[in-house]
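Model the full structure from these sequences, guided by the hints.
2 protein chains.
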Amino acid sequence: MKQPIELFELCGKDRDVRFSPYAWRIKMALMHKRLSFEPVACGFLEKQAFAQSGSNTVPVLHDGDVWMGESWDIACYLEDTYAEAPSLFGGQVGRGAAHFFSIWADMNLLMPIFPIIVADIVTLFGDTDRAYFETTREKRLGMPIADTLKTREKNLESLHHHLRPLRALLKTQKFIAGKAPAHTDYLAFGCFQWARLTSPVNLLEGEDHIYAWRERMLDLFDGFGRAAKPGHQGQAQDSLT
Amino acid sequence: MKQPIELFELCGKDRDVRFSPYAWRIKMALMHKRLSFEPVACGFLEKQAFAQSGSNTVPVLHDGDVWMGESWDIACYLEDTYAEAPSLFGGQVGRGAAHFFSIWADMNLLMPIFPIIVADIVTLFGDTDRAYFETTREKRLGMPIADTLKTREKNLESLHHHLRPLRALLKTQKFIAGKAPAHTDYLAFGCFQWARLTSPVNLLEGEDHIYAWRERMLDLFDGFGRAAKPGHQGQAQDSLT
Chain D
1 MKQPIELFEL CGKDRDVRFS PYAWRIKMAL MHKRLSFEPV ACGFLEKQAF
51 AQSGSNTVPV LHDGDVWMGE SWDIACYLED TYAEAPSLFG GQVGRGAAHF
101 FSIWADMNLL MPIFPIIVAD IVTLFGDTDR AYFETTREKR LGMPIADTLK
151 TREKNLESLH HHLRPLRALL KTQKFIAGKA PAHTDYLAFG CFQWARLTSP
201 VNLLEGEDHI YAWRERMLDL FDGFGRAAKP GHQGQAQDSL T
Chain L
1 MKQPIELFEL CGKDRDVRFS PYAWRIKMAL MHKRLSFEPV ACGFLEKQAF
51 AQSGSNTVPV LHDGDVWMGE SWDIACYLED TYAEAPSLFG GQVGRGAAHF
101 FSIWADMNLL MPIFPIIVAD IVTLFGDTDR AYFETTREKR LGMPIADTLK
151 TREKNLESLH HHLRPLRALL KTQKFIAGKA PAHTDYLAFG CFQWARLTSP
201 VNLLEGEDHI YAWRERMLDL FDGFGRAAKP GHQGQAQDSL T
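Chains as they are written, first to last, in our numbering: chain D, 1 to 241; chain L, 1 to 241.
Note that these hints are calculated values from the structure, not bench results.
Treat the hints with care, since some could be wrong.
Because identical chains share one entry, a pair is satisfied inside a single copy or across any pair of copies.
Pairs of lysine-lysine residues, derived as DSBU-like cross-links and limited to a Cα-Cα distance of at most 35 Å, are as follows [as the list claims (entries may be wrong)]:
id, residue 1, residue 2
1, LYS47, LYS171
2, LYS13, LYS154
3, LYS139, LYS171
4, LYS13, LYS47
5, LYS171, LYS33
6, LYS154, LYS171
7, LYS2, LYS13
8, LYS154, LYS174
9, LYS154, LYS33
This is how it looks when you write it as structure tokens:
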């Protein structure tokens with residue numbers, strides 16, 4: 001009998017807290033495809049668990065004989081391997097545009113969100129992972145993590161500038177993919193879910209079309225995203241506070 | 001017998017010079033759909049020609065009893081009306097992502113290109129259209145058109161910042177839509193063709209993946225885009241100079 005699909009994903013010191021934006025993209029894609037899977041929690045340095053993949057980073061998918069890293073490649077693998085299941089891209093033309101959207105989301109959602117929430121993310125790790133995270137991320141930021149708190153307001157403003165095309169789109173249609181969600185929605189949702197589970201900062205306000213869309217995304221698959229455990233003490237950002 | 005489709009599009013004082021980015025999106029979409037059409041040149045103030053559309057701006061499509069403005073709406077109309085012809089979006093999911101791309105292209109291609117080429121565009125009009133263009137565009141720019149020349153280098157730099165996600169995508173695939181072009185490609189191409197036909201400024205250099213893509217776009221439909229008449233004296237930007 002075939003083993004269930006495994007998804008190796010990053011966790012905090014509380015191993016039930018799973019916040020990786022890349023992993024959320026894939027978890028939503030697996031739900032969309034109606035594939036059952038087993039999430040496997042991994043600390044940053046527990047790479048031996050998925051060594052067979054050859055990948056140095058999570059998420060990693062393990063499906064039968066296949067080991068695969070890189071969330072875009074995993075999405076394409078799921079689409080091609082489970083071609084009979086509901087489509088993530090709606091065909092080749094849609095896959096092309098979704099690939100653009102993936103790159104756009106990395107540059108215009110993930111990157112601008114990072115300095116806003118990084119000071120909260122760092123508190124979620126145990127000592128070993130925390131040291132690894134601090135060293136690698138402070139190098140990327142070019143400053144101590146604590147210093148990002150000084151420019152949080154400015155970083156939020158910058159994020160909202162980057163959000164303009166997404167907001168304009170969601171004013172005219174319910175989902176990024178149109179009337180129903182597909183992979184473009186999961187690509188963006190991963191970024192907002194990451195922030196929502198790691199930080200009490202509200203990135204979105206209730207009157208924002210993107211807020212209303214995120215609510216719809218949290219409702220998908222019987223509230224799969226909404227049920228995830230936040231790492232911070234505050235309520236996850238799914239109600240106006 | 002059904003009349004051929006008419007496309008009302010902006011022209012310069014030389015009525016064979018047709019450079020509107022929105023019109024180019026539709027012309028490429030019509031070619032993609034293998035629909036024959038008659039382009040009709042319009043000055044800015046010759047609105048009586050398409051008064052029946054209720055639209056105040058070109059391009060306007062006239063197809064049988066249908067009059068339609070707004071280039072995104074026209075593309076959707078063509079896709080739905082000529083559903084048997086090659087698809088522009090590849091289905092509903094692709095249409096959703098293409099709509100995002102359309103909004104992104106307006107904000108990140110069209111708007112940043114405008115101040116780079118506006119001082120060249122203004123020279124292409126006869127007196128009446130020129131006065132109209134100057135008044136409306138200087139209001140939009142918040143400065144005299146001639147002043148844009150002072151910041152051309154800075155504006156080019158800013159454009160290249162906006163081009164990053166498109167360049168990263170075209171490093172990995174031949175067209176925005178994947179292996180073959182579709183409407184997302186025409187949305188972006190319209191912006192570059194507009195610049196190419198109005199201004200001798202080279203927006204793209206030969207080693208750029210976007211340059212190579214634009215060459216492929218100019219080759220489509222037996223060189224339809226390449227054959228268009230430029231408004232400026234220099235060679236259109238399709239060879240390295």
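To see whether the hints hold, each was checked on the structure:
1. In this assembly of identical chains, LYS47 and LYS171 lie within 35 Å of each other by CA distance solely across copies; the values are 30 Å between and 42 Å within a copy.
2. For a Cα distance limit of 35 Å, the shortest separation of LYS13 from LYS154 inside one copy, 30 Å, qualifies, whereas the shortest one across copies, 47 Å, does not.
3. In this homomeric assembly, LYS139 and LYS171 come within 35 Å of each other (Cα to Cα) only across copies, at 27 Å, whereas the closest approach inside a single copy is 38 Å.
4. Taking the shortest alpha-carbon separations for LYS13 and LYS47, only the intra-copy value of 16 Å comes in at or below 35 Å, while the best inter-copy value is 66 Å.
5. Proximity of LYS171 and LYS33 under a CA criterion of 35 Å is satisfied in both settings, with 27 Å inside one chain copy and 29 Å between copies.
6. Proximity of LYS154 and LYS171 under a CA criterion of 35 Å is satisfied in both settings, with 25 Å inside one chain copy and 32 Å between copies.
7. Taking the shortest alpha-carbon separations for LYS2 and LYS13, only the intra-copy value of 31 Å comes in at or below 35 Å, while the best inter-copy value is 70 Å.
8. In this homomeric assembly, LYS154 and LYS174 come within 35 Å of each other (Cα to Cα) only inside a single copy, at 29 Å, whereas the closest approach across copies is 37 Å.
9. For the identical chains of this complex, LYS154 and LYS33 are neighbours neither inside a copy (39 Å) nor across copies (46 Å), given an alpha-carbon limit of 35 Å.
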